[in-house]
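Protein chains in written order, with the working numbering: chain C, 6 to 313; chain V, 6 to 313.
Derived by calculation from the structure, the hints in this document are not laboratory data.
Any given hint could be a false lead.
For chains that are exact copies, the list does not tell them apart, and a pair is met inside one copy or across any two.
[Said to hold, decoys possible] With a cut-off of at most 30 angstroms between alpha-carbon atoms, the simulated DSS-like pairs for lysine-lysine come out as follows:
1. Lys121 <-> Lys264
2. Lys264 <-> Lys49
3. Lys121 <-> Lys49
What you are looking at is a predicted structure, and each value in this text was computed from that prediction instead of being measured.
2 protein chains.
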Amino acid sequence: MTSTTNQGRVTATPAFDLSGYLKQQQAQVESALEQAIAVTYPEKIYEAMRYSLMAGGKRLRPILCLATCELVGGTSDMAMPTACALEMIHTMSLIHDDLPAMDNDDYRRGKLTNHKVYGEDIAILAGDGLLAYAFEFIAVQTRQVPPAQVLQVIAKLGRAVGAAGLVGGQVVDLDSEGNPDVTLETLNFIHRHKTGALLEASVVCGAILASATETDLQRLSRYAQNIGLAFQIIDDVLDITATQEELGKTAGKDLQAQKATYPSFWGIEESQRQASQLVLEAKAEIADFGEKAQPLMAIAEYITARKH
Amino acid sequence: MTSTTNQGRVTATPAFDLSGYLKQQQAQVESALEQAIAVTYPEKIYEAMRYSLMAGGKRLRPILCLATCELVGGTSDMAMPTACALEMIHTMSLIHDDLPAMDNDDYRRGKLTNHKVYGEDIAILAGDGLLAYAFEFIAVQTRQVPPAQVLQVIAKLGRAVGAAGLVGGQVVDLDSEGNPDVTLETLNFIHRHKTGALLEASVVCGAILASATETDLQRLSRYAQNIGLAFQIIDDVLDITATQEELGKTAGKDLQAQKATYPSFWGIEESQRQASQLVLEAKAEIADFGEKAQPLMAIAEYITARKH
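For reference, chain C alone in the conformation it holds in the complex (with noise of 0.2 angstroms):
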């Protein structure tokens, strides 16, 4: 019923600009994110903290914290430092997982990962310092929130980047590679907790700062929760596809990877449907905020629609 109301909804709105808006608000982020870190003694630290953090990006966690935020009533101002801080977490977990002793990776997003340009011991001392100033930066920065709704968002990252989210989905990540039995509720741990659970505090932060209702967080963390894993199958999907559609391309990452993915269990059609079904009832969650909700309607719309 409430998906029925929630696409009438959509498409009595069809101007909504996504594009646009992403446009400009990745705009506002890289400027808040360019002005967060100061380069100062020890340079080579700072740098190469910036050298990821200002490596583009879709910017899509902070995107989600600032239209949260708004959606319930908030300002950008009051979310801008967590939205920094989720970018600054993210960043970190690239970092580390880009180490020879975890994915070992060269490249990432076409540039040189961090360890290969400043070493594997700054890359390590780089992630840690980007987590520990997160922290820092929210607790400093943020203006006109309650001082205990900033301490609720630390503790909701806190959790979500610790052994009961970002890091135990590594954990188990790591485990199930090259395990033929992987599970497909192992599959879901993985991703719920990986990169999951980042997601769903990018938006659900965005509205403990905007003082949502416990109803709302609820349901703001449902529809989190259900665009994550949309967005993980479909690219699952698209490892597979784009590479099809790609004559003389390899094979897909996952594939020689001897990686699970939801197509592996499900078939490509299936896990479309899925996907699309996890978006529907995402978008029926926020369907009573009204045109309020068109960002978060489009970003859910935009999960299942891409196609790289």
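Please arrange chain V on chain C, whose structure you already have, making use of the hints.
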């Protein structure tokens, strides 16, 4: 002047049993740490975090935090979550410092280092998990303290562990290895950041939690900076003298590593004199607190009196 007053006070209370005090506080901290991390799925990461966190040690940082909170009029309960977080952060720094890409140590306190037991990937993640959990733990567990002060503690700790503190000190330390031209200024920078910043934060956070005045915060900060530096100077001295006394042992680790130390600038006697002077000044800073300052006075004295 103040140091005379202070010395008078200390000799007037010879009954303070530091060893008993440390044992009792240590037991409280061990018990709180024991309860802080429950092992759940994926067990390996929680076990790795607990392995290093529960590996003993003096628990100096938590004890300084608890002692300072009580000195300023707060309770042990107010400060215990922060005390535990300090030890989590300290443990994180040890796990990451021991990694092959950093100091490459196989043993710490007679036990295999984290990565020797769990692998490098898990050791990196265990450090990340402890760092994130430290902030979550303070935000969630701190009771009877106004939220704005808890935020100040989080800001202070974030700064103490990040590039402006511990991480920055470690970067300069790594850079100085094997460099014969390290200046006294650089040596001071390393120690003020690598170990000093977290020791200072331990004391200052305890005071913030107990609503200390700005003047008291500044005094306690100077106390902590002085004992931190004195501690390091004596560490350097003991690295030489302890091996000279205990014949049959290999020469001092610092000498072997051609590391810049305080005795290499000042000689042993002048180093001891400088350390004693720092301890005197530290004690002078807290003399006005009277009898309540006994634990911090005794800890300061212990630093120059210790033999290992």
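The hints, checked one at a time:
Taking identical chains as interchangeable, the C-alpha atoms of Lys121 and Lys264 lie at most 30 angstroms apart whether they share a chain (25 angstroms) or sit on different chains (27 angstroms). Taking the shortest alpha-carbon separations for Lys264 and Lys49, only the inter-copy value of 21 angstroms comes in at or below 30 angstroms, while the best intra-copy value is 36 angstroms. In this assembly of identical chains, the alpha carbons of Lys121 and Lys49 lie at most 30 angstroms apart whether taken from the same copy (14 angstroms) or from different copies (29 angstroms).
When the structure is compared with the earlier hints, no violation turns up for any of them.
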